[in-house]
Amino acid sequence: MKEEKHFLCIDLKSFFASCECIERGLDPFTTPLVVANKNQGSGAITLAVTPFLKKQGIKGRTRLYEIPKNIPYQIVNPRMNLYLRKSSEVVAIYLDFVAEEDLHIYSIDECFLDVTHYLTLYKKTDVELGLEILETIRKKTGLQATCGIGSNMLLAKLSMDIEAKNTEGNIAKWTKEDVETKLWPITPLSKMWGIGTHLEKRLQALSIYTIGDLAHFSKEKLKEKFGVMGLELWNHANGIDTSCIQDFKKIKKEKSFSHSQVLFKDYFLNARLIIQEMTGVIVKRMRESHYDTGLVGLGLTYSKELHDGFYHQLKLEVPTDDEDIILKNILNLFDRYYTNLPIRKISLSCGALQTHVGTQLNLFEDYEETVKKKHYADTLYKIQNKFGKNSVLKASSLLADSTIKARNKMVGGHHE
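Under the working numbering, the residue at position 282 of the sequence shown is numbered 282, and the numbers go up by one with no gaps.
Worth flagging that the hints you see were computed from the coordinates, not collected in a lab. Hints may be right or wrong, so weigh each one.
As a list, the in silico DSS-like pairs of lysine-lysine whose alpha-carbon atoms are at most 25 Å apart [claimed, not checked]:
| hint | residue 1 | residue 2 |
| --- | --- | --- |
| 1 | 225 | 191 |
| 2 | 38 | 69 |
| 3 | 255 | 123 |
| 4 | 59 | 345 |
| 5 | 191 | 201 |
| 6 | 139 | 176 |
| 7 | 201 | 221 |
| 8 | 328 | 345 |
| 9 | 191 | 221 |
| 10 | 176 | 123 |
| 11 | 139 | 13 |
| 12 | 225 | 59 |
| 13 | 315 | 284 |
| 14 | 124 | 165 |
| 15 | 265 | 69 |
| 16 | 315 | 345 |
| 17 | 284 | 394 |
| 18 | 59 | 304 |
| 19 | 345 | 284 |
| 20 | 191 | 223 |
| 21 | 139 | 5 |
| 22 | 345 | 394 |
| 23 | 304 | 38 |
| 24 | 165 | 191 |
Quick caveat, the model's predicted, so the values are computed rather than measured.
Let the sequences and hints guide you as you build the complete structure.
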């Protein structure tokens, strides 16, 4: 008989905003506080709002001008170093309860724990152990957390997102027996983990409006329409998930390199400058990890009023770590698909990675010039690593539309 598994999915409530409140000796459940970059004006995106503001209907990811004028609140700038430190404190607590191989860090404020083999050790049920971990987090860090429990990782995540976050005890448990009564009624589809608004529209075009509709739809037709993702959608709609934390440990940490940037004004053709700067960042990461890329991708998201954008990829003739070649191909995508609409987000990716073993030359390249260019780039990276990212920059960084100098002062895209 197959062993029943017990997974916990734990999420820190309004993490960034709660960290800021705790540092100030404030209660996030009674304090109207917003984490956002004040210097970006009313168009700044809120990275987090306190639970107090969430109860008043304010969403965690909105622009400041969208918050009703009659609701008073305090704005504080994000401090990523603070959030990383607090996150590390919480991870240390998890490691007091489980071994590292049974912990999967999903994001800075969310983790999965496989507690299957710990229940006998602690002489507790999964619910009792979950409550003890939540209480330990609260006592040691001041942070409040929610916990979802499931017989697989999917059900643990869904029980947290759908039920635990909306219950007074901040904990919920779903098993396969709950799929029909708790999972299938979910609507709109985008409330389900892994289904965005774009995919939701494509599913609605097939007359799929609830997770139950998806669960009862033809698996073969879903595969025909969406490929392998169609099978995954069907499995998830039926509460099926065979993944385990140990699988994530075996996966190479970086299958691809990606970089995205939200823009705080409309960009048009001048977005080419931002793409150039972002390409430099992503190529530096890739080269320092000794990889070549054989596939580049570009995504543009237009201003909110348009609800539109695109993402396209281009396979390279030969895998490379040459910034000029990579930039040329990304700009080819830009020139081919961009239609002069206002851009508010740019996303880049370098995939199909191969370990770098040398430089592939062709008849049209000068060997000495290629080697010289590589040495120049390596020297530039060494200077930036030693003296700071802004120690050596291209002259284009002085242009008004450039964002590289400001972003180089940030941690994870935000101020330290």
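### Message
So, against the hints stated earlier in the document, which numbers end up violated here?
### Response
3, 6, 12, 21
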